[in-house]
Amino acid sequence: MDVRIDNVRKEFDRFAALNDVSLDIRSGELIALLGPSGSGKTTLLRLIAGLDFPTSGAIYFGDEEASRKTVQERNIGFVFQHYALFRHMTVAENIGFGLKVRPSATRPPRSEIRRRASELLDLVQLSGLEGRYPSQLSGGQRQRVALARALAIEPRVLLLDEPFGALDAQVRRELRRWLREIHDSTGHTTVFVTHDQEEALELADRVVVMSQGGIEQVGTPDQIYDDPTSPFVYGFIGDSSELPVKVENGQVWLEDRAIGLDASGVSDGEALLYFRPHDIELLDGCGGCVAGTVAASRRVAGMRRVELEVGGSRHRVELELPTEQAAAEKSRIAFRPKRWKLFPIAGRSGAHLPRAA
Amino acid sequence: MASSATTLRMAGARNASAVRFRDPTSELPVAKWVLISIALVFLAMVLFLPLFAVFSEALRRGWQVAFTAISEPDAIAAVKLTLLIAAIAVPLNCIFGVAAAWAIAKFEFKGKTFLTTLIDLPFSVSPVIAGLVYILLFGTGSFLGPLLNSWGLQVLFAVPGVVLATIFVTFPFVARELIPLMQDQGTGDEEAAISLGASGWQAFWYVTLPNIKWGLLYGVLLCNARAMGEFGAVSVVSGRLRGETITMPLQVEILYNEYNFVAAFAVASLLALLALVTLVLKALLERVYGRDHAATARH
Amino acid sequence: MSLAATSATRWQWKQPSVIPGFGLTFGFAIFYLSLIVLIPLAGVGWRSASLGWAEFWRLALDPRLLAALRTSFWTSFVAAAINAVFGVLVAWVLVRYNFPGRRIVDAAVDLPFALPTAVAGIALTAIYAPNGMLGSFFQPYGIRIAYSPIGIVIALVFISLPFMVRTVQPVMEEISREVEEAAATLGASRFQTVFRVILPGLTPAILTGFALAFGRAVGEYGSVIFIAGNIPYVSEIAPLLIYIRLEEFNYPAATAIGAIMLILAFIVLLTINLIQAWSRRRFGYGI
Numbered sequence: 001m002d003v004r005i006d007n008v009r010k011e012f013d014r015f016a017a018l019n020d021v022s023l024d025i026r027s028g029e030l031i032a033l034l035g036p037s038g039s040g041k042t043t044l045l046r047l048i049a050g051l052d053f054p055t056s057g058a059i060y061f062g063d064e065e066a067s068r069k070t071v072q073e074r075n076i077g078f079v080f081q082h083y084a085l086f087r088h089m090t091v092a093e094n095i096g097f098g099l100k101v102r103p104s105a106t107r108p109p110r111s112e113i114r115r116r117a118s119e120l121l122d123l124v125q126l127s128g129l130e131g132r133y134p135s136q137l138s139g140g141q142r143q144r145v146a147l148a149r150a151l152a153i154e155p156r157v158l159l160l161d162e163p164f165g166a167l168d169a170q171v172r173r174e175l176r177r178w179l180r181e182i183h184d185s186t187g188h189t190t191v192f193v194t195h196d197q198e199e200a201l202e203l204a205d206r207v208v209v210m211s212q213g214g215i216e217q218v219g220t221p222d223q224i225y226d227d228p229t230s231p232f233v234y235g236f237i238g239d240s241s242e243l244p245v246k247v248e249n250g251q252v253w254l255e256d257r258a259i260g261l262d263a264s265g266v267s268d269g270e271a272l273l274y275f276r277p278h279d280i281e282l283l284d285g286c287g288g289c290v291a292g293t294v295a296a297s298r299r300v301a302g303m304r305r306v307e308l309e310v311g312g313s314r315h316r317v318e319l320e321l322p323t324e325q326a327a328a329e330k331s332r333i334a335f336r337p338k339r340w341k342l343f344p345i346a347g348r349s350g351a352h353l354p355r356a357a
Numbered sequence: 001m002a003s004s005a006t007t008l009r010m011a012g013a014r015n016a017s018a019v020r021f022r023d024p025t026s027e028l029p030v031a032k033w034v035l036i037s038i039a040l041v042f043l044a045m046v047l048f049l050p051l052f053a054v055f056s057e058a059l060r061r062g063w064q065v066a067f068t069a070i071s072e073p074d075a076i077a078a079v080k081l082t083l084l085i086a087a088i089a090v091p092l093n094c095i096f097g098v099a100a101a102w103a104i105a106k107f108e109f110k111g112k113t114f115l116t117t118l119i120d121l122p123f124s125v126s127p128v129i130a131g132l133v134y135i136l137l138f139g140t141g142s143f144l145g146p147l148l149n150s151w152g153l154q155v156l157f158a159v160p161g162v163v164l165a166t167i168f169v170t171f172p173f174v175a176r177e178l179i180p181l182m183q184d185q186g187t188g189d190e191e192a193a194i195s196l197g198a199s200g201w202q203a204f205w206y207v208t209l210p211n212i213k214w215g216l217l218y219g220v221l222l223c224n225a226r227a228m229g230e231f232g233a234v235s236v237v238s239g240r241l242r243g244e245t246i247t248m249p250l251q252v253e254i255l256y257n258e259y260n261f262v263a264a265f266a267v268a269s270l271l272a273l274l275a276l277v278t279l280v281l282k283a284l285l286e287r288v289y290g291r292d293h294a295a296t297a298r299h
Numbered sequence: 001m002s003l004a005a006t007s008a009t010r011w012q013w014k015q016p017s018v019i020p021g022f023g024l025t026f027g028f029a030i031f032y033l034s035l036i037v038l039i040p041l042a043g044v045g046w047r048s049a050s051l052g053w054a055e056f057w058r059l060a061l062d063p064r065l066l067a068a069l070r071t072s073f074w075t076s077f078v079a080a081a082i083n084a085v086f087g088v089l090v091a092w093v094l095v096r097y098n099f100p101g102r103r104i105v106d107a108a109v110d111l112p113f114a115l116p117t118a119v120a121g122i123a124l125t126a127i128y129a130p131n132g133m134l135g136s137f138f139q140p141y142g143i144r145i146a147y148s149p150i151g152i153v154i155a156l157v158f159i160s161l162p163f164m165v166r167t168v169q170p171v172m173e174e175i176s177r178e179v180e181e182a183a184a185t186l187g188a189s190r191f192q193t194v195f196r197v198i199l200p201g202l203t204p205a206i207l208t209g210f211a212l213a214f215g216r217a218v219g220e221y222g223s224v225i226f227i228a229g230n231i232p233y234v235s236e237i238a239p240l241l242i243y244i245r246l247e248e249f250n251y252p253a254a255t256a257i258g259a260i261m262l263i264l265a266f267i268v269l270l271t272i273n274l275i276q277a278w279s280r281r282r283f284g285y286g287i
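Residue numbers (this note's numbering), protein chains in the order written: chain A, 1 to 357; chain B, 1 to 299; chain C, 1 to 287.
Hints are supplied without guarantee of correctness; some may be wrong.
What the hints assert, rightly or not - Here are a few chain A residues that sit away from chain B, every Cβ distance over 10 Å (derived from the structure):
| id | residue |
| --- | --- |
| 1 | Asp63 |
| 2 | Thr70 |
| 3 | Gln72 |
| 4 | Arg110 |
| 5 | Glu112 |
| 6 | Tyr133 |
| 7 | Ser135 |
| 8 | Arg176 |
| 9 | Asp227 |
| 10 | Lys246 |
| 11 | His278 |
| 12 | Gly302 |
As the list claims (entries may be wrong) - Simulated crosslink set (EDC-like; lysine to aspartate or glutamate; CA at most 16 Å straight-line):
| id | chain 1 | residue 1 | chain 2 | residue 2 |
| --- | --- | --- | --- | --- |
| 13 | B | Lys213 | B | Asp184 |
| 14 | C | Lys14 | B | Glu108 |
| 15 | A | Lys69 | B | Asp23 |
| 16 | A | Lys338 | A | Glu270 |
| 17 | A | Lys246 | A | Asp268 |
| 18 | A | Lys246 | A | Glu270 |
Derived from the structure by calculation, the hints contain no laboratory data.
Fair warning: this is a prediction, and the values are worked out from it, not measured in the lab.
All C-beta atoms, glycine included, are put in the ideal place defined by N, C-alpha and C.
Next comes chain A alone, as it looks inside the complex (with noise of 0.2 Å):
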């Protein structure tokens, strides 16, 4: 079931809390909502449940307006942050609830709805706890009979709500990839919200970048990571580097020297460089590079972490260093990215043309 939320609007009291939001998600696909907290994910995904209403625009499942339908008629699952399991009822009476609770005339029998919470407990691997009350699981436990739950009306789409947040770091590694598996032999079409980006990078097919009520960037976790289109992705996503630079006949300039990348195309004006801390060569001279003096220098794991002062105005970059390479403090290292991309800092809607040397 693909699903096409359109030009969709959310405020509350006033604020808007999703801007003019659009997005295609393609039937099949695992989908991460990837963004800080008041982003707007959480907001997006209740939205295309039905637990809350868009202020304006529409939410399509296939063909059909998905928002004109209330939460019950709209057959989906969600996975709640918290498991929200029903704790008087046993584990295969939480996994049933959804069925029960049908009309009679689509109610399965009393064996069916039980044959079905066996087969999906088979499904999250937890066979043999049927009788269990909620609080006699863990925390992974109950994450997969809520999973179970969601999955046992069938439903078109499977929202997650943060769904790893509450475990704990091995839980957590260990179920993404379960959820994966899962998600590969059901074909269900998946949206999870995260704000964890290992966790959006690792699982999703594609991952929706959010920042303040509004989309950034919509694409493969490949293509997030390598060519990120703005400075909130940039900076989001991994580790970065900014560096306040001109742009004059196609030469970036740092001060009053040229640091030796090719903008030609770009116009010219002022802009931010970014770069991620460990794309770069250490260059020995410096005739077109950015220079600097070492202010702090840390070793973290498998390398070494350098805070660079830069030009006159002594701006600080972060870079990343084998740990074999001196890095003493007030020492003189010249570099140049090799991955960057410049973003003109009068309104980033403005001609911009990432590059990568």
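Knowing the structure of chain A, use the given hints to seat chains B and C on it.
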């Protein structure tokens, strides 16, 4: 012009959605108001009407009559005795409550849960039994009563018995309020004070007491309301000696049984005013103290 | 590990602490508790034991007492049941809805804690007496409220209402919105969500409230005696019978009734503890 048209369309869209969309976690407004109405009618019948009745019956013959009724010497004696009883019972239970809470909350020892249950015991016992136990302890046929009598100390059918019965029924109020509060607060503050050189008394006075003052006040408030209003236990041990062992609730009963309804309700309205003041203070305390209702439920 | 090891090697009644005052406060608490509560209560046990079995049973099987116990029992049960419906409704309305005067109504629920029982008793009688504000509505249909068991039930509903509301209310406040949303996403209508998810989840709280309300109602005296009419075998409650026996200086009979009532109170306490244990095991929360 164009912009106002947009606003209109937006407003239209908003309205349309409001009609279609129902918050899945709330009821239809109709259901909501029906439920509120049923609840309010029920509360009116069992709570508000009785309260209203106390005052309306007291004022049935006008202010003058009601006022005369409460300035009768017997009524005044009852008020004085009630105040005296509260003035003895409340401080004693207050000291006990603080001591018990200190021992239970600041130390770890075996049998703590059992001790807490014992402290709560008077709440699960009928007030008449609270009277009965003292009759059995000090009455004829016991060995304690005649012994004390021979020393010239009359307990039953005298003020000491009334005070004892009141202490019994109001026994847990302060302790039950302070124990969970002090358990939540832990021992860190006191340990810090002692590590800074404070004595035990100083730690209590400068650190613990400021931390528990609202909870203490809350417990005292409830304890006082019950002490002044206790009827069953007191009525068993009082003996009803006019001007001597008649508390306000007993005075209400006596006047009522003498068919002196206006006077009975006039004295009752004083007690009802006390209850109202208690409720207002309680609501105010709950606001500053941020306390939830859970622990009240066992009173 | 090491903690278990030390406690295994040396049994300690009390963990050592740098905080002073344990001896003083614990000693005083035990002394005062024994003086006011334990010794007097033990007196009832001792006095009823010294009656001997035969005499105790003779007193306990007195038809008037059995009638009084029956009245106390079923009026308390009905009152607790009425509160299980209306008390839960009041708690729901207070927790879920905003309406003018909500705060006042919330505070007023505690009125039965604060209002002396004798005052409640005469006020309820004034309202529900045949010529009273509400009683006069029922009079023409031949329904007598005051001076009948119905009056007892009304008084008991009054005094036990806050026990139900204040037990259920905090648990109701804790129900997470997510649980209700989960039910909705699974296709449950609002009605199904309330009756299959929310109310069953409140079972332990409602049962505890019921037991507390019942326990309080069985022992109630002040508010009942005015409205009950106190007709032996019809509307006479057990606590009143204790009072009557004491007036007659029939201490053995009063002691026997007292002992029965105490046993009843212990059963209620035990029931509440069992509900708590069950709730903690099954639902993961106590009240």
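The hints, checked one at a time:
Chain B leaves A/Asp63 outside its interface by the beta-carbon criterion, the shortest separation being 19 Å against a cut-off of 10 Å. Look at A/Thr70: its CB is around 7 Å from the nearest CB on chain B, not clear of 10 Å, so calling it non-interface is violated. Remark: the non-interface label on A/Gln72 conflicts with the geometry, its nearest Cβ contact in chain B lying 8 Å away (cut-off 10 Å). For A/Arg110, the shortest C-beta to C-beta distance to chain B comes to about 26 Å, beyond the 10 Å cut-off, and the non-interface label holds.
Against chain B, the non-interface label of A/Glu112 holds: every CB pair exceeds 10 Å, the least being about 27 Å. The beta carbon of A/Tyr133 sits about 23 Å from the closest Cβ of chain B, which is more than 10 Å, so the claim that it is off the interface holds. With a least CB separation of 20 Å from chain B, A/Ser135 remains clear of the 10 Å interface cut-off, as annotated. Non-interface call for A/Arg176 relative to chain B: holds, since the shortest CB-CB distance, roughly 29 Å, exceeds 10 Å.
Every CB of chain B lies more than 10 Å from the CB of A/Asp227, the least distance being 36 Å, so the non-interface label holds. The non-interface label for A/Lys246 is consistent with chain B: the shortest C-beta to C-beta separation is roughly 39 Å, beyond 10 Å. With 10 Å as the threshold on Cβ separation, the claim that A/His278 sits away from chain B holds: the shortest Cβ distance comes to roughly 45 Å. Remark: the non-interface label on A/Gly302 is consistent with the geometry, its nearest Cβ contact in chain B lying 41 Å away (cut-off 10 Å).
Note on B/Lys213 and B/Asp184: the hinted pairing holds, with a Cα-Cα distance of about 14 Å set against a maximum of 16 Å. Taking the CA atoms of C/Lys14 and B/Glu108, the gap is near 6 Å; set against the 16 Å cutoff, the hint holds. In summary, the hint linking A/Lys69 to B/Asp23 is supported, as the alpha carbons are separated by about 12 Å, within the 16 Å threshold. Between A/Lys338 and A/Glu270 the alpha-carbon distance is near 21 Å, which puts this suggested pair outside the 16 Å criterion.
Taken as a hint, the A/Lys246 and A/Asp268 pair is honoured in the structure, with Cα atoms around 7 Å apart against an allowance of 16 Å. Between A/Lys246 and A/Glu270, the direct Cα distance comes to roughly 5 Å. Compliance with the 16 Å bound is thereby established for this hinted pair.
The structure shown violates the earlier hints numbered 2, 3 and 16.
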